[in-house]
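Trainee: Please work from the sequences and hints to get the whole structure.
Residues in the sequence shown are numbered from 2 upward in steps of one, following the numbering used here.
Hint data in this document are derived by calculation from the structure and do not stem from the laboratory.
Just so we're clear, the structure is a prediction, and the values are computed from it rather than from any experiment.
Below, in silico cross-link-like pairs of lysine to aspartate or glutamate (EDC-like), each with a Cα-Cα straight-line distance of 16 Å or less:
# : residue 1 : residue 2
1 : K369      : D136
2 : K111      : E88
3 : K296      : D320
4 : K111      : D368
5 : K158      : E133
6 : K111      : E133
7 : K158      : E360
8 : K62       : D232
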Amino acid sequence: MATRKRGINLAMIPSVSGGLGHVTRTLKLARGLEQADPSLNISYILDEHRLRPFNVDAVRKTGYPVQILPSPIRHERDAIVREILGEVDVVVEDTSRRLIAYRRILPRIKAWISIPMLPLWDEVFMDWPRLEHADHILYAYPGVMPLPEELEPFRDKITVTGPILDPVAPDRAAGRRRLGLAEDERYILYSPRGFPFGRTFGRRVINGVVGAYIRLRLERPELRLVLSAVDDLARIQHPTLPPLDQIEGVILQGVVTPEVAWDCLAGADLAIVEGTSTLFDAAVARTPVLMVPGKIYETALEGTWVEAHDAGVVIWVEDVTRATMLRGMRRALEPNAAADRSARLHELVGTDGREVAVETVLRIIQDKVGR
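Mentor: Have a look at this one:
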């Protein structure tokens, strides 16, 4: 890894086998670290194993240097891994724990900080030997999602940060102006993101969302539907829907910069969310949410507490149809109730996680690397 300036070389290694959540979380942490210590040389290393090109595009738009780490065969391993990671001093890894084995051949790495996600199956328990080799662990979930028992053995090297988020949302009106919206236009935001929860889940949701929008727009002609992070239109096109690029009021966006994505979310009248990252960002932005929880434990847990606290409208994927989505959108767009739900979501998620995470990472760097 080429050094851009004198200072400590810090590599962000997010999981890139699913949606954008790990990329966006590490990006928020990177921005906070950069503000707190401009001398850090921050770059991104993306694991080739199960890499989705969608994530590569998103990371490249951040402006940070990016390298792909191949999955080498044994006789190539040392040379390839050292070429990519040999100059790194500190690693912040988000749900890419398998790479911690490379520490054995990377003596320059003085600190490895791991950010786990809640388990899909039982991998947090099964990965305890890997976590033994992490210098510190950041648990980046709110109080309504307490530390799982699998992580209790590592309590002495865990910091519960809360969600790592941009602490201040863009001004809603400014965000809408930046997107070129007319004063009287309103919009619903949904980001298919290449269907990270699988094709069956994704096609069911987009059929419900777009079908419901077409009917709702008959009642509310000022309403728009922004489909963001669309990298492959053919992939998300449902056979029973009209061509998405020909539906009146539908705005298609490709993979955009984080700043534009943030503006889109902050300016929306309603966000259709499936996963952790967009849910938590909506909480900061106080954007009302209609949640269809993804088919993993983490998002199912989130859907449960969002529903229990009436912090958003929740429709489980088994119940998604055009009719149920239409009813859900109407309910979620009711102004007074939407404002109350958004306030509850904001309070539940919190906004100080990035500050805690930045302070912790800088402390670990000071302890392990020095200045």
